[in-house]
Amino acid sequence: MVTEASVSALNFIDDHKADLSASARTIFDFGETAWREYRSADWYVHRLRQEGFDVEAGSAGMPTAFCAHWTNRAGMSGQAPTIGMYAEYDAVPGNCQAATTSRQPRSGLSEHAGGHTDPHSGLGISALGGLLATKAAMEKHGIAGTLRFTGEPAEKVRGSKPIHAAKGYYDGLDGMISFHPFYMLPLCNTVRWDTHCGAAYSMIYRFICDQPELWGLSDGAPIPQSHSAVRAPGANDALMMMYMASKALRDSMLPHQGGWSISEAILTAGQATADNLPAGLAEIQYMMRVPTIAMAEKITAALDRNAEHAAAMSGCRVERHWVCKSRPGLANHAMANITWEALKYVGAPQWDEAAKAIAREIQVNAGIDAMDDPFLDECERLISPQDAEAILRRDLPPSQLNSTSDDYTDMTWHAPTVRFYVARPALKAPKGKAYPGWVMNALGGISETIDPMIVCAAKTVALTALRLLEDGEARRAAKDEFIERTGGGVGGSKWIAPLCDYEPPIHFRWPEYITTARGTEWWIPNAA
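Going by the working numbering, the first residue of the sequence shown is number 3, and it counts up by one from there.
Hints in this document: simulated from the structure, not taken from any laboratory.
Honestly, I wouldn't trust all of these hints.
Mimicking SDA-like on lysine to any residue, the simulated pairs with C-alpha atoms at most 20 Å apart in a straight line are [claimed, not checked]:
#  : residue 1 : residue 2
1  : Lys-358   : His-335
2  : Lys-142   : Met-3
3  : Lys-300   : Arg-322
4  : Lys-249   : Tyr-185
5  : Lys-433   : Arg-362
6  : Lys-300   : His-335
7  : Lys-158   : Arg-511
8  : Lys-346   : Thr-5
9  : Lys-358   : Met-373
10 : Lys-158   : His-509
11 : Lys-249   : Gly-260
12 : Lys-430   : Tyr-185
13 : Lys-496   : His-335
14 : Lys-430   : Asn-367
15 : Lys-430   : Asp-374
16 : Lys-300   : Pro-500
Each pair of labels, with its calculated beta carbon distance range [claimed, not checked]:
#  : residue 1 : residue 2 : range
17 : Met-186   : Met-315   : 37 to 43 Å
18 : His-509   : Pro-400   : 40 to 46 Å
19 : Gln-259   : Gln-352   : 37 to 43 Å
20 : Ala-372   : Ile-516   : 38 to 44 Å
21 : Pro-400   : Gln-352   : 33 to 39 Å
22 : Ser-495   : Lys-430   : 44 to 50 Å
23 : Lys-496   : Glu-141   : 37 to 43 Å
24 : Phe-510   : His-311   : 22 to 28 Å
These numbers come from a predicted model, not from an experiment.
Note that the Cβ used here is the ideal one computed from N, Cα and C, for glycine as well.
Go ahead and model the full structure; you've got the sequences and the hints to work with.
Written out as structure tokens, the structure is:
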């Protein structure tokens, strides 16, 4: 259903393509990683306030999160609908890539710094473009309602959304719109149907060796001649035992079916110098992606046992700190249909000859012969939600209801939610060959290659939002389905309550940019 307001929104986006392009490049060049997206969050807060939004910076105790509201009261009688959208803007450590056709880090940085892989730089600006277009159409055509726009840091560690959910930031919404650049086939230019993303748990085990003197004998001297203290195992020993034991037991934590995974990252290890003392502190983070909460709890129990025994064997104590506990996603076909109609009207993104020339240059620099049509065919065509679902289900057991991981799923338990994908630029590869990671990262920053995705996604967001604002029947259908699937809505018999029972994990040694006498560096010195 395309209304006059919808046409106004589409025209708004066409008129602001250059601004959206420049904004996406700005966030791309910031390249800030989880829990440390200071410049990116400040940029959004400043921009939203310029656009007339009331913005709460640092929402839910997260310094790089925000929550913005704007209400149009024109013609408002009774309670008008509230529609939610959001931005992500965190990058990934170790993926620093310039927006250029060859492998090179952004100026003044090393390849170890942060960079956008998905890219969340384009994700956030696509949503912002849809938001501003919706606002402009509401003002022009007197459409009453409220727009809520949240800033969601640390998605790569599933960080903010479980916390925002537990603190009530998704309550009272009539619909939530979730966009993500496509990252796997068949989810390219389509909408999720039944199989939404699964649960995710993440935690940090902190091993602390604060009483090494209790390990062995001492002759009473401040530094015993035997160097007995350094002979005591310490936090590094505990971490290594934890790391190896969990690797060894990984296959037996759960059955092989279900598409689950665990990954780990060592955050801190001991001290900067190897003095004759055991390492006093070591931290390791685990991230699990599973279809169900029960599976997450099973893995957590196994990791807890490993941590306790590793600490006991090394004279340490251990603390477990939560980073994330997110719920599996809940489908809403009414919402999916609304967004699919919008995406069909907008059409799949298309790449022009300028973008193709850039892509060919990248192919040559990646050691692959240039192609006349370098982009994946799937990037320029739509696939229906039902067809995508059928392909997705081919590799999944019938009993598995959720697959892969993303924390938008927490939103699905508080409001009717749609999850849709638009193609980011991806290149064809000859049989038996694959592109290095820098290629996708570069394509996500070069304006000519990423802008078609941003424009398509922004238009789809705006059309979805305006349909929900203008069409009470469509809005009610989405709400009725949400109530049915949850057994009564929020608090219903089939509803899953927020799992977040922890404070934002902002005080750990997350990788970040630092300012030194040498200038701006990543936490690993650039010269390294």
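Outcome of the hint check:
no.: 1; hint: Lys-358 x His-335; verdict: violated (36 Å)
no.: 2; hint: Lys-142 x Met-3; verdict: holds (18 Å)
no.: 3; hint: Lys-300 x Arg-322; verdict: holds (16 Å)
no.: 4; hint: Lys-249 x Tyr-185; verdict: violated (27 Å)
no.: 5; hint: Lys-433 x Arg-362; verdict: holds (17 Å)
no.: 6; hint: Lys-300 x His-335; verdict: violated (31 Å)
no.: 7; hint: Lys-158 x Arg-511; verdict: holds (16 Å)
no.: 8; hint: Lys-346 x Thr-5; verdict: holds (15 Å)
no.: 9; hint: Lys-358 x Met-373; verdict: holds (9 Å)
no.: 10; hint: Lys-158 x His-509; verdict: holds (17 Å)
no.: 11; hint: Lys-249 x Gly-260; verdict: holds (19 Å)
no.: 12; hint: Lys-430 x Tyr-185; verdict: holds (14 Å)
no.: 13; hint: Lys-496 x His-335; verdict: holds (17 Å)
no.: 14; hint: Lys-430 x Asn-367; verdict: holds (14 Å)
no.: 15; hint: Lys-430 x Asp-374; verdict: holds (11 Å)
no.: 16; hint: Lys-300 x Pro-500; verdict: holds (19 Å)
no.: 17; hint: Met-186 x Met-315: 37 to 43 Å; verdict: holds (41 Å)
no.: 18; hint: His-509 x Pro-400: 40 to 46 Å; verdict: holds (43 Å)
no.: 19; hint: Gln-259 x Gln-352: 37 to 43 Å; verdict: holds (39 Å)
no.: 20; hint: Ala-372 x Ile-516: 38 to 44 Å; verdict: holds (40 Å)
no.: 21; hint: Pro-400 x Gln-352: 33 to 39 Å; verdict: holds (37 Å)
no.: 22; hint: Ser-495 x Lys-430: 44 to 50 Å; verdict: holds (49 Å)
no.: 23; hint: Lys-496 x Glu-141: 37 to 43 Å; verdict: holds (39 Å)
no.: 24; hint: Phe-510 x His-311: 22 to 28 Å; verdict: holds (23 Å)
Of the numbered hints stated above, those contradicted by the structure are hints 1, 4 and 6, listed in ascending order.
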